[in-house]
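Please arrange chain B on chain A, whose structure you already have, making use of the hints.
Taken in sequence, the protein lines are chains A and B.
Following our numbering, the residues of the first sequence are numbered contiguously, the last one being 281.
Following our numbering, the residues of the second sequence are numbered contiguously, the last one being 281.
Treat the hints as calculated values from the structure; they're not laboratory data.
Bear in mind that the values here come from a model prediction, so they are computed numbers and not experimental data.
A few of these clues could be false.
For identical chains, the list gives no copy identity; a pair is met inside one copy or between any two copies.
[As the list claims (entries may be wrong)] Cut-off 30 Å, straight-line C-alpha distance, at most; resulting in silico cross-link-like pairs (DSSO-like, lysine-lysine):
#, residue 1, residue 2
1, K98, K44
2, K202, K6
3, K64, K277
4, K277, K6
5, K6, K98
6, K202, K162
Residue-level listing of the chains:
2 protein chains.
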Amino acid sequence: MALETKSLWKAHGGMQGVYSHASAACACAMTFAVYVPPHAEGQKLPVLWYLSGLTCTHANVMEKGEYRKAAAEHGVIIVCPDTSPRGEGVADVPGDWKLGLGAGFYVDATQEPWSAHYRMYSYVTAELPAVIAASFPMADMGRQGVFGHSMGGHGALIAALKNPGRYLSCSAFAPIVHPMTADWSRPALAAYLGSDETIWRKWDAVALIEDGARFPELLVDQGTADSFLADGLRPWLLEEACRAVSLPLSLRMQAGYDHSYYFVSSFVADHIVWHAKRFAA
Amino acid sequence: MALETKSLWKAHGGMQGVYSHASAACACAMTFAVYVPPHAEGQKLPVLWYLSGLTCTHANVMEKGEYRKAAAEHGVIIVCPDTSPRGEGVADVPGDWKLGLGAGFYVDATQEPWSAHYRMYSYVTAELPAVIAASFPMADMGRQGVFGHSMGGHGALIAALKNPGRYLSCSAFAPIVHPMTADWSRPALAAYLGSDETIWRKWDAVALIEDGARFPELLVDQGTADSFLADGLRPWLLEEACRAVSLPLSLRMQAGYDHSYYFVSSFVADHIVWHAKRFAA
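One chain only, chain A, in its complex shape:
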């Protein structure tokens, strides 16, 4: 689990790093970003995972997400993984931004040729946390939270719903709440998981809740001017699923905001404060 440090910058009193390592889950080199806020020697800090959306790498939120100021103020480590395996021999459909590179959908693929590398669920929930625990001694792996944007909001919701004991908190920006019924995600689920849609339910936030998964509470921000709102995102489906089982959801419709990082960066500090409160509880 040797890490290669690709970049390291001081920012907001802490250190923003970019690292790569040989991933066993994805069977390729993987790159990720970690922000460690300023802290006293020996201090242990909670870890908040940010899962990114379609077409992104670790770099989009690192450059445009504006998370460091709040992370520094509240003493939270932010880890930003990539969104798919990459490199020679990794399956892809060039020109399709919703399948293959940049579109791992945070599932463990079972179908050829995807199953050889596309194991992003195992990567972000198991392998990379072990890497962080081994390489960042200030990381308190007993206090983890997860959030994300769009496809990464879906990733955050399923990671939390499938592991309610591991994550203390979960929130999302414009998440894909029910990918198995959205046109833009069904082709990826079919490619990665096969045609049996009963299996897809284990990788879908709304279906997981319908099938019994629970989490203490969820926070979701959604822009009303988001061009993907009605077709791909449909947060009201999560609202209905949560209401049916009395799972507390704070869904905030944010007037005039679109799907971009101008939206995410406007509310990322709110989310970090929200997670920090739950880490301190």
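Using the frame of chain A, we list chain B on its own:
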């Protein structure tokens, strides 16, 4: 002075726009970014100019500068011009990042072929302010400040020193304080202004102060891990020039910070607060 709106995003409660227009000063189409913070109808807001560094366009700071949160909190409009003329027929030296495209150095060129388009001083201090006044009715052009990064820090310093009545405040991140004696800026000054170095003194912060220019006070942040510190930037030269004439300078050496936007974004809120205080005085 018709503006074309290229993009418009809601962010931190205000609107981040990108616009283009036909520039008379630069004799080409120019693109710039404006952030208008949330405000009451009829409210007038001060205007803070951000001048960018070598190789940048309006977009670098717009995406990575993290200025919107503080601008929204303090009610300040942020205008981010490009760093040079661009387009068909605009002179350039391909492969030289310190001359031509992205390297206007905020001077009015007098030498062929540069003088046809490279008039960034007139553009940022006269033409674009008139465009802003005409197109943004909430802009209070009686309350303007200027800041910038690296080459844009140089631009901010000379804009303020040459127009102490127009700008109420001036600050800079890692500015080129004495470009006429720095290896990386001398070739550009020679190309744009000719070989008579007495003329260069009108476009150089240290020389302007030595020659009698004054400004009420200056704020400069400089990272100690900046790889350009000793050769290109040398803030101690500005410190000496200011001390010699009792011009108040707050020079803050920031330990461990480099020349990147991770540095700028770490202190941009400090600077906006500093300017806002002077706008309110």
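Hint by hint, here is what the structure shows:
1. K98 - K44: For K98 and K44, the Cα distance exceeds 30 Å both inside one copy (38 Å) and across copies (45 Å).
2. K202 - K6: Close neither inside one copy (35 Å) nor across copies (42 Å); limit 30 Å.
3. K64 - K277: Both: 24 Å inside a chain and 27 Å across chains, each within 30 Å.
4. K277 - K6: neither (32 Å within a copy, 40 Å between copies)
5. K6 - K98: both (28 Å within a copy, 26 Å between copies)
6. K202 - K162: within (8 Å within a copy, 66 Å between copies)
The earlier numbered hints that this structure contradicts are 1, 2 and 4.
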